[in-house]
Amino acid sequence: MKQRFTGLGVTTGVGIGKALRAQVDLDKYLKTYIPSFVEDEKEKVDKALSEVESFLFDKAEELRADGRTEQGAILEAHAMIVGDPVMRENVLSKIDATGNSPRAVLAAAEEQAKAFEEMEDEYFRARAVDFRDVGRRIARVILGVPDRDVGDEPVILCGYEIEPSVIANIKTGQIAGIILGAGSTTAHAVIIAKAQGIPAIVGAVDAARAILDEEEVLMDGDTGEIITGPTTEERAVYEKKAKKEEKQKEHYLALKDLPAVTEDGRSVILAANIGIPSDMDFAEEYGAEGVGLFRTEFLFMGRDELPTEDEQFEAYKNVAEKNGDKLTIIRTMDIGGDKPLSYLEIPKEENPFLGYRALRVSLKRKDLFLPQLKAALRASCYGKVAVMFPMIINVSEFLKAKEFVDEAKVELQAEHKDYNNDVQFGVMVETPAAAMMADSLAKYADFFSIGSNDLVQYTLAVDRSNAEIAHLYNHYHPAVLRLVQNIIKAAKTHGIPAGMCGEMASDPRAAVLLLAMGIDELSMGAPSIPIVKEQVRRVRMDEAKVLLEKAFTFEDGEEVKRYLEGQL
Amino acid sequence: MTKDTFIIENSTGIHARPASEFVKTAGKFKSKIELTAKGRTIDAKSIIMVMGLGLTKDTEVVITADGADEKTAVKELVALAHSFKTAEDKKKE
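Heads up: the sequence lines are chains H and S, in that order.
For the first sequence, this note's numbering assigns the number 568 to the last residue and increments by one with no breaks.
For the second sequence, this note's numbering assigns the number 93 to the last residue and increments by one with no breaks.
Think of the hints as simulated: they come from the structure by calculation, not from any bench.
We put the beta carbon where it would ideally sit given N, CA and C, even for glycine.
Honestly, I wouldn't trust all of these hints.
[To be verified] As a list, the in silico DSS-like pairs of lysine-lysine whose alpha-carbon atoms are at most 25 Å apart: (1) H:K47 x S:K24; (2) H:K364 x H:K402; (3) H:K561 x H:K550; (4) S:K24 x S:K71; (5) S:K30 x S:K57; (6) H:K31 x H:K42; (7) H:K384 x H:K243; (8) H:K348 x S:K3; (9) H:K348 x S:K75; (10) H:K326 x H:K243; (11) H:K241 x H:K2; (12) H:K366 x H:K348; (13) H:K31 x H:K18; (14) H:K114 x S:K32; (15) H:K402 x S:K32; (16) H:K348 x H:K384; (17) H:K348 x S:K57; (18) H:K244 x H:K18; (19) H:K326 x H:K366; (20) H:K18 x H:K241; (21) H:K561 x H:K489; (22) H:K348 x H:K322; (23) H:K364 x S:K75; (24) S:K3 x S:K38; (25) H:K171 x H:K94; (26) H:K243 x H:K18; (27) H:K348 x S:K71; (28) H:K47 x H:K18; (29) H:K348 x S:K28; (30) H:K47 x H:K31; (31) S:K38 x S:K57; (32) H:K400 x H:K443; (33) H:K59 x S:K28; (34) S:K24 x S:K57; (35) H:K114 x S:K3; (36) H:K59 x S:K32.
[Said to hold, decoys possible] Beyond 10 Å from chain S on every Cβ pair, some chain H residues (computed): (37) S50; (38) I74; (39) D84; (40) Y123.
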């Protein structure tokens, strides 16, 4: 080892790679820069500002299209900072004083950054990095500094702060780790690391200063340990750790192509929940047998008007095609007063989860609902598509939604657009009312999918995000188990399939109970699929039925949970 | 001139992303729009100014708009500021 440092590990895992200093050293470019006349320098600034502004807007758009919305939003904010007249005026006044445009840009950005650093709030202090990033980007354009070539090897990004633009420029799989000098756990880099499962360490001030570009670095996101210039022994230890992690992952991935079948041959479909089309990559990686919940909210968020039929069609088609002959269940819009969108005109509500949301909005907004249904119907020519409606409490709502479907079909015919007439329409059973009335709903619906998150929240009257009562949230609560059994029973009686999407479906122990109840499909975040599959493959149906019977004898959800933990 | 007061409700305040949404919306209106908080008054159409105001949770903000579309401007911007609360805080769950 050359040096050893410690910081605070914020995401787990071992990283081995060559250091990539997040910041290009601008000093040497600045030293050789020869400014011209003041007017020319000002002109250079204007040119650089508009170039950077449009580059950032384009890049933001690109990231959004790629499903990296968070990063896209950050770069859009950067674009707006670059285009802000305040920025330009600050820079121009500094040119008047110094005559050097890149230095003026950096000084203006630094001034802004400092102002943020003096703020009390951690979130605002962390914004200093945004201004420095913007300033350096503009200065680089004026100085003609080329973009850093990263190559293909795994890199460990390090710096006191890491500019969002640096991360945006590196391929998703190439970052082996992130080391930050700053202690902020709310930095953009950390948010991204968490989302992508990249090992990350923050608060490593000395490391951030001392690590050299291209130097070999080992890091452990669990312990916060960082080693530079490792000895062969140290390297071996880390490689062993990495291998162990890899094995764990491999162990799960090895299950990828194995069927989800109990020891005695009962099979269940394990599907993925996805939020954006690119989530399909994970779904495929973990061996999902279709998509049991395709949330469509991403199409509606972060914009000023309704998404068009064509935009939606492209997204649905993309996923349907990737799924081939495996089913894709599209859930119609599930937005309410908790994420008001200007064009939806949902007023601020006291209780948005009991308010004007989801299908309740769709049924009143033909301009919203018809394009979504038409897009889904059209996508059915490219794969196996089904549609489900959220937040139903009455049979009449489902029937009304089906009337819209008929209307959508008539319009498609008139417009000579193709669709598959066999598309199935189901109920997302997530209200206690729908759960109790499942036998009625089952007469009309083509399938059920139990939305366990909302079903638990509404049944127990517990908002899990309220820390005071979060412990009361429990999908093993007998009331929940009884409702779920009622739903599945109704589906069986009427010969329609019943699935579940929601966190309960990703709990391997709950999966055993659900199997015993007769569930046909479980849909979950893709990384959970192999974990549930492993449990399914280890159990026999007679065992599962005994466990279910016993589970129903308890009067308290905590007891059920403890019992299952002891058994499985 | 139209005037209204609102309180910042979201836990992370009007930092980069909400600020850009706010400024984008403000930019849609012809009226001159200003925000006053902590004794400072700034142009609501400048993201640097809006971020620089340091609008953290519970800050009281006075919004004024002057121009043809002042009423809609104030209404929409206040509604937007309220909307940050749940959208943001929900995201953290």
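Which numbered hints are broken by the structure, listed smallest first? Numbers 5, 7, 10, 13, 14, 15, 16, 19, 22, 25, 28, 35, 36, 38, 39 and 40 - these are the hints that the structure violates, sorted from lowest upward.
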